[in-house]
Amino acid sequence: MSTGTGAGTGAGAAAGGGAPRSSTARVALGWALVGVPLAYGVVETVLRASKLFTG
Amino acid sequence: MVPLLDRRRSIAPPGFNRWLVPPAALAVHLCIGQVYATSVYKNALVQHFEVGNTEIGVVFSIAIVMLGLSAAVAGTWVDRNGPRRAMATSALFWVTGFLVGALGIATSQLWLLYLGYGVIGGIGLGIGYISPVSTLIKWFPDRPGLATGMAIMGFGGGALVASPLSTRLLGLYDPDYDSSVAGSVPAGDAVAMLFVTFAVAHALFMAFGAATVRVPAEGWRPDGFDPASVRSKALVTTASVSARNAIRTPQFWLLWVVLFCNVTAGIGVLEQASPMIQDFFRGADGTSSVAVAAAGGFVGLLSMANMAGRFVWSSTSDVIGRKPIYLVYLGVGLVAYALLALFGQTSTALFVLLAAVILSFYGGGFATVPAYLRDLFGTFQVGAIHGRLLTAWSTAGVVGPLIVNGFLDAQGTPGRLTAEAYRPALLTMVALLAVGLVANLLVRPVAARFHEPAPAAERERGERTGGRAS
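Protein chains in written order, with our numbering: chain W, 1 to 55; chain B, 56 to 525.
Rather than coming from a laboratory, the hints here were simulated on the basis of the structure.
Check before you lean on any hint, since a few could be wrong.
[Claimed, not checked] Sample of chain B residues facing chain W (criterion: CB under 10 Å; computed from the structure):
id, residue
1, A79
2, V101
3, F263
[Said to hold, decoys possible] If you want the footprint, here are the derived chain W segments under chain B, 3+ residues with CB under 8 Å:
id, region
4, 26-33
5, 46-53
[To be verified] Distance ranges between label pairs, derived from CB positions:
id, chain 1, residue 1, chain 2, residue 2, range
6, B, K97, W, G35, 41 to 51 Å
7, W, L47, B, R303, 46 to 56 Å
8, W, G35, B, A502, 16 to 26 Å
9, B, D231, W, S23, 31 to 41 Å
10, B, G238, W, T54, 16 to 26 Å
Note that this is a predicted model, so its numbers are computed, not measured.
The beta carbon of each residue, even a glycine, is placed where N, CA and C say it ideally should be.
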């Protein structure tokens, strides 16, 4: 499995050859944007689910 | 037409990081997954419109039916125009649906809620659901199950986010509403405000998805990826099958049956989760040993299992293959369902464990099916084929509750049912899963007569990428 930048090979990759536009920071920001609300939902649901064993 | 949304404008530049595509897809799926959190304000709408549960429940049913229909009808359009235009269109419909729905609530016109959230929002649901799928498969040819699992996990996660968020916002918009007090119901105006809030927030979130998503350039493949490694697997084709031809193959309809059976079985538990666990542990005196709060916790646990199953099982399918993983969903699911029906009442832990396993398979079935389609029909029009297959979901969304409610209505009064009352409905689900298992066993590679001639498929791809086909 490729886990790097995913720059890859082929027509698109060969066409430019410049520095990657999408930095690691952009990827981290993108994941944070969706990860934070998702984490909020998971935490709230875990708290609710815990009532199954405590309530 | 907005040129910025053109497929050609969304082709990734060299060096683009493919790991930006899953959050773009998640942004859309997290928003549209809100559809599974409608129960939060269901009672408020019942009271506001002074109608029964059924009339309000219809809003959700319309949305799910429209999801399947719009995915089926718009699938080819989504494949041709690319994910950016599809996500923007989905956002437009989804947000408009909220606003029209809010207008319906504010003016007490139920038909506007049907039209807004149900019809218009449902179209946004269908287009949004399929919009990133084929793109993710193309970005992750080495791990298509993982890629679609991540996105479709977002649809399950959307309810997890929207449910507590809605409760908090409703408390903010209606100070008299206290979710911790049994019987407290928010005012209709607060729900209208909630819809407007979701419209604004989802517009921003989905715009992020549309702006971020990219399609890979023709001929792109990940570093170190050898296409021959995929081709050597059983049931994985290198050919291209069009959406029009796909629906003429037995494989498409076998998968339709597989998805229908798997979803119907999952809905069998989801539909009744809260009352079901209370009924299973009802004593001779008529009281249940499972409190209402604990039953709510059970629903939360099932949501987690549903979401986790989408990611975990779909990723696992990349390792063990699509057909074997569906044998697990349907075969092990069948055994779990039978155990639940026959012995579920003996232990709360056993009941919860079996229900969680069933729901994880339900989620896994949704998330793995795009990769299964890719294996059988190729990437050529996999989005359009996926869209057509989702009619199985719509059908299950209608049939599943009908089976469960039909059997339960015949067994007695809600609130007084016991485990035995559920047995006929659950054993019907066992039979349905057996049908799905046989359908999956019958899946074979698609016959060569359905394959596209190679030059035609290449020409189509060339047109979509501005003549850059190699």
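Tell me, in ascending order, the numbers of any earlier hints that this structure violates.
-> Of the numbered hints given earlier, those the structure breaks are 2, 6, 8 and 9, listed in rising order.
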